[in-house]
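So the protein sequences, as listed, match chains A and B.
Residue 0 is where the first sequence starts when you use numbering that gives the first Met the number 0, and the numbers rise one by one after that.
Residue 0 is where the second sequence starts when you use numbering that gives the first Met the number 0, and the numbers rise one by one after that.
It should be emphasised that the hints constitute simulated quantities derived from the structure, not laboratory data.
One thing to keep in mind: the hints can contain errors.
Distance condition first, Cα-Cα at most 20 Å in a straight line; then the derived PhoX-like pairs of lysine-lysine [as the list claims (entries may be wrong)]:
#1 B:Lys54 / A:Lys438
#2 A:Lys236 / B:Lys313
#3 A:Lys419 / B:Lys54
#4 B:Lys230 / B:Lys251
#5 B:Lys297 / A:Lys422
#6 B:Lys313 / A:Lys202
#7 B:Lys251 / A:Lys199
#8 A:Lys197 / B:Lys251
Keep in mind that this is a model prediction, so the values were computed, not measured.
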Amino acid sequence: MAGEMKQQTARSASSGKRATLLEEHIIEIVSDSGEGAQTAGQMFGTILAKSGNSVWTVEIIPAEIEPPARTPAGASGNRIRAGSFPITNAGDGAELVIGFNEQALMGGKWENRYKPGCIILLESMWANHPDPEIAAAYSGVVNILNEENYRLYEVPMEQECSRFVEDARRGKNMFVVGMLMNIYGRDLQLARHEIETKFKARKPDLVEPNIALLEAGYEWAEQNLDFRFEIPPYGVKEQQVVANGNVAVALGIVASGMEVCAMYPITPATSASHYLSEIFPEVGGFVHQAEDEIAACAFAIGSSYSGKCAVTITSGPGMALKTELMALSVMAEIPLVMVNVQRGGPSTGLPTKVEQGDLLAAIFGTPGDAPKIVMAPATIEDCFYSIITARKIAETFRTLVIVLSDANLATGQQAFPRPKISKEWGAPPVDQSPVPAGKDPLDWDPVTGLSQRFIPGQPGGMYTLTGLAHDRKGLVAYGPGINQEGCNRRSLKLAAFQKTLQPPKVCGDESGDLLIVGWGSTKGAIEEAVARVRKDGLKVSSTHLTFLQPMASGIKEIMQKFRQVMTVEINYSDSYEDELIDENNRRYANLAWLLRARYLIDVDCWSNVHGRPIRPGAIEDMIRERLK
Amino acid sequence: MFGLSKQCVLELNEEYKTLEDYQGRISRWCPGCGDNGILTATQRLCRDEQLPPEKCVFVSGIGCAARFPHYMSTYGFHGLHGRALPTAQGVKIRRPDLHVFVNMGDGDCCSIGTAHWIHTVRTNMKLVAMMHDNNIYGLTKNQASPTSPLGMKTNTTPQGAYLKAMNPLTVTLGITNVSFVAQVVEWLPEVLYEAIRQAFHHNGFAFIRILQRCPHFTPDAFSGLLSDPKKLLMLQHEDGIQLSETMSRLYKTTEQHDPADINRARELADRDDIVPIGILYRNENIPRYEQVTKSTHKSTWEQRENVLNGAFDKFGIDADFASANEGTRAGDGE
Numbered sequence: 000m001a002g003e004m005k006q007q008t009a010r011s012a013s014s015g016k017r018a019t020l021l022e023e024h025i026i027e028i029v030s031d032s033g034e035g036a037q038t039a040g041q042m043f044g045t046i047l048a049k050s051g052n053s054v055w056t057v058e059i060i061p062a063e064i065e066p067p068a069r070t071p072a073g074a075s076g077n078r079i080r081a082g083s084f085p086i087t088n089a090g091d092g093a094e095l096v097i098g099f100n101e102q103a104l105m106g107g108k109w110e111n112r113y114k115p116g117c118i119i120l121l122e123s124m125w126a127n128h129p130d131p132e133i134a135a136a137y138s139g140v141v142n143i144l145n146e147e148n149y150r151l152y153e154v155p156m157e158q159e160c161s162r163f164v165e166d167a168r169r170g171k172n173m174f175v176v177g178m179l180m181n182i183y184g185r186d187l188q189l190a191r192h193e194i195e196t197k198f199k200a201r202k203p204d205l206v207e208p209n210i211a212l213l214e215a216g217y218e219w220a221e222q223n224l225d226f227r228f229e230i231p232p233y234g235v236k237e238q239q240v241v242a243n244g245n246v247a248v249a250l251g252i253v254a255s256g257m258e259v260c261a262m263y264p265i266t267p268a269t270s271a272s273h274y275l276s277e278i279f280p281e282v283g284g285f286v287h288q289a290e291d292e293i294a295a296c297a298f299a300i301g302s303s304y305s306g307k308c309a310v311t312i313t314s315g316p317g318m319a320l321k322t323e324l325m326a327l328s329v330m331a332e333i334p335l336v337m338v339n340v341q342r343g344g345p346s347t348g349l350p351t352k353v354e355q356g357d358l359l360a361a362i363f364g365t366p367g368d369a370p371k372i373v374m375a376p377a378t379i380e381d382c383f384y385s386i387i388t389a390r391k392i393a394e395t396f397r398t399l400v401i402v403l404s405d406a407n408l409a410t411g412q413q414a415f416p417r418p419k420i421s422k423e424w425g426a427p428p429v430d431q432s433p434v435p436a437g438k439d440p441l442d443w444d445p446v447t448g449l450s451q452r453f454i455p456g457q458p459g460g461m462y463t464l465t466g467l468a469h470d471r472k473g474l475v476a477y478g479p480g481i482n483q484e485g486c487n488r489r490s491l492k493l494a495a496f497q498k499t500l501q502p503p504k505v506c507g508d509e510s511g512d513l514l515i516v517g518w519g520s521t522k523g524a525i526e527e528a529v530a531r532v533r534k535d536g537l538k539v540s541s542t543h544l545t546f547l548q549p550m551a552s553g554i555k556e557i558m559q560k561f562r563q564v565m566t567v568e569i570n571y572s573d574s575y576e577d578e579l580i581d582e583n584n585r586r587y588a589n590l591a592w593l594l595r596a597r598y599l600i601d602v603d604c605w606s607n608v609h610g611r612p613i614r615p616g617a618i619e620d621m622i623r624e625r626l627k
Numbered sequence: 000m001f002g003l004s005k006q007c008v009l010e011l012n013e014e015y016k017t018l019e020d021y022q023g024r025i026s027r028w029c030p031g032c033g034d035n036g037i038l039t040a041t042q043r044l045c046r047d048e049q050l051p052p053e054k055c056v057f058v059s060g061i062g063c064a065a066r067f068p069h070y071m072s073t074y075g076f077h078g079l080h081g082r083a084l085p086t087a088q089g090v091k092i093r094r095p096d097l098h099v100f101v102n103m104g105d106g107d108c109c110s111i112g113t114a115h116w117i118h119t120v121r122t123n124m125k126l127v128a129m130m131h132d133n134n135i136y137g138l139t140k141n142q143a144s145p146t147s148p149l150g151m152k153t154n155t156t157p158q159g160a161y162l163k164a165m166n167p168l169t170v171t172l173g174i175t176n177v178s179f180v181a182q183v184v185e186w187l188p189e190v191l192y193e194a195i196r197q198a199f200h201h202n203g204f205a206f207i208r209i210l211q212r213c214p215h216f217t218p219d220a221f222s223g224l225l226s227d228p229k230k231l232l233m234l235q236h237e238d239g240i241q242l243s244e245t246m247s248r249l250y251k252t253t254e255q256h257d258p259a260d261i262n263r264a265r266e267l268a269d270r271d272d273i274v275p276i277g278i279l280y281r282n283e284n285i286p287r288y289e290q291v292t293k294s295t296h297k298s299t300w301e302q303r304e305n306v307l308n309g310a311f312d313k314f315g316i317d318a319d320f321a322s323a324n325e326g327t328r329a330g331d332g333e
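All chains should be modelled from the sequences, with the hints used to inform the complete structure.
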């Protein structure tokens, strides 16, 4: 019954225009900051998802809080990719763009975010602006768009909206939602419902004007636009949850049974703590905003040591500051979960943009030998489950687990099956039972390196934990044999953990001409690109690694079945196109380094640091070029 | 039964703990090191308060003072240079049942850990912090510390320290939410013990600066104070420390100082000519961080399930959203 209704919802409404049937479409809405393009995008994305499409949305966020108006870099908005098949990434160029001014619009054009010749709906008020410079800038852009054969529609948003609200600037976004409802043939009632839900509780007097704006947008599109699209639903049977990666991390923390999160504000990680701060107290939890990154990590370690396993959330520069404490967590065998929502680097780098540049720093960044576990969620759903897993591993193996998310996951929104809550996820109560006489605090098992952790409050377990080299009793000991033993036992824990890992799955045939290996947020784009070239008969497969340290067994065997192996990553690598680069000096992408070193296979890489998600189309082009 | 008060019967497993029950390994501090006196006073406190050793956690940083936990037989956390305070906060935040002590040196507290010192004072968690101040980096072999006096020759300042020493008391007394500040010297065990005892009973973050001799590198740093009792200003008050008769005979420079008087405390702390000894400031009414951040909700799994389900509902896409479609269809004319 529900499915039937969805069919109706996605059916184009009863106007005379013929709707073009599409498998997917990418929409971008851009405005100045504060004009509500993000709200419009989120609302329309929700409506598309609720009416049965698979949807991936990405926030377009300027680096500043209130960037100057009408500037390309100051644009704020949303990208929506909707389809009738499972959408796993932000896709290629946008096919329909709505701009509130021509400068915000051009920002995206310069970044090649739009498909050449795509449909553009542009606010037309600037054409007759009293400031001749603005009017000239507008007409200049219109000329360019026309010359380059974009399908440009100038929309008098300001004029239309001012019929309903005094400040049209604050109402255009709902007008835009109305237009989109018409263009994609969605039932207006869905949008009315969203508006009511959004405003009813806090600003009930805004419901009516917003609905009026919505209907005006719908009607304007009905009268003035000569196109319509239909994206059939893909028929989700189970209940779904829509979240971005940071919200998923926060939910994962709640589900993992942890009670303490210690953090220091850093983009793009902080929003996880925002949401967590809202809900954590309801489960007796607490987010500690420390005085700095180091203090946040020390606080989390202190809490973990006292029996309440804690998490610290950060991004690359923050992880660098925490390095010494990361090693302490490993050395003193204190469980700790660290989430690094990676951004562009090095140094302060690209705070709001994506990169996967911290993998080697996470694994090797600590001085001395500090074996730790490093894992990377590949999807927003993974962001939720990986925290639950990380807490369990950290406590079982008495060590640091680093979860490498990134800005792409943090700001992307996707629906995933509603998790079926399991009591198994939670943390056990703090052990306060007496420690048997004669038991050592680091009673390393000679095979696994594992030992029972003594928690303050346990009678008979009193010992002094130290970051100095120590023996099985935890006593400071500088003897050569003792340090060798300690390092050995901590390393063996990784081996013991490694034995529990399953080999990664291969997407595509198990042998062929090219295997692409990825990790983290690029999974959707890689798999989509591989699927596209496979349709044309190319013998390409992909595999994706969740655990980067240690890596599962079986990876070598997978790679050996392909003529070529390469990684696709969002981090820096040298290219042979540069005159000076050759075999002797080429620096590889993070994962490629690791695979080459471990498996002695000539793994190539293709990577860049453009600060944006790698598009399936770009990977596809690279593969076709390579296998030509 | 037989009119016997239950409270008078010692339970068999509640045996009386002696000093030995709190003593860990034999200290490896230099002979004559002032840290030994601080250790003894602390062990005495544990004994007198009959603290269960498993409920005590001594957190330290790096340096001579930071070896302290190894010489206790309680739980200890010998962590990183400068990071003892935030670690101790983490230990305490969800474990109010633990007695958490922090031992750090002047380098630990006033140099590499300065940010933590300031913010730990501000958060006012119930911790006892002892800052062993010997005016020198000892373990790394004789470098100037922030509290080294102007002109002091060290390995990094062979021509003499360039800057006037930092005053940890005026700094601490200037921080918002400061609630307990004391200064003592390790060579007066009576006053040392009393300051640690009052710190232990303080309802909040207790900061004790302990002037401590380093027999190796700064043997003369406090010789003036040792030879001339007049240079110590003994602060006395019924709410502070009251000197014994013997002490009163020896140390005659005294002042009646009410620890509630922060303005006078700041004046005393700022004096260059004399060293105030005793409780400079105490305020039992500053909110503690572990209290103000305590959730009213219990951390039960059922509660977690409720909250998760609430979130999943909020972010959920109802598979049966069709009900919303039953309204007027768009374009059908409304």
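Taking 20 Å as the top limit, are the C-alpha atoms of lysine 251 of chain B and lysine 199 of chain A close enough?
-> 74 Å, violated
Q: For the pair we were handed, lysine 419 of chain A and lysine 54 of chain B, check the Cα-Cα distance against 20 Å.
A: 39 Å, violated
Next on the checklist: lysine 236 of chain A and lysine 313 of chain B were given as a pair; does the straight-line alpha-carbon distance stay at or below 20 Å?
Outcome noted: Holds. Lysine 236 of chain A to lysine 313 of chain B sits at ~19 Å (cutoff 20 Å).
CA of lysine 297 of chain B to CA of lysine 422 of chain A, is that 20 Å or under?
16 Å, holds
Below or equal to 20 Å on CA atoms is what counts here, so check lysine 54 of chain B against lysine 438 of chain A. This hinted pair holds, its Cα atoms lying about 19 Å apart.
Regarding the pair lysine 230 of chain B and lysine 251 of chain B, is the alpha-carbon distance no greater than 20 Å? Holds: lysine 230 of chain B and lysine 251 of chain B sit about 10 Å apart, inside 20 Å.
Given the hint that lysine 197 of chain A pairs with lysine 251 of chain B, test it: the Cα-Cα distance must not exceed 20 Å.
-> Violated. Lysine 197 of chain A to lysine 251 of chain B sits at ~73 Å, over the 20 Å cutoff.
Query raised in the report: Is the hinted pair lysine 313 of chain B and lysine 202 of chain A satisfied, with a Cα-Cα distance of at most 20 Å?
Result: Given pair lysine 313 of chain B, lysine 202 of chain A holds - Cα atoms ~19 Å apart, limit 20 Å.
In the structure shown, a violation is registered for the earlier hints numbered 3, 7, 8, in ascending order.
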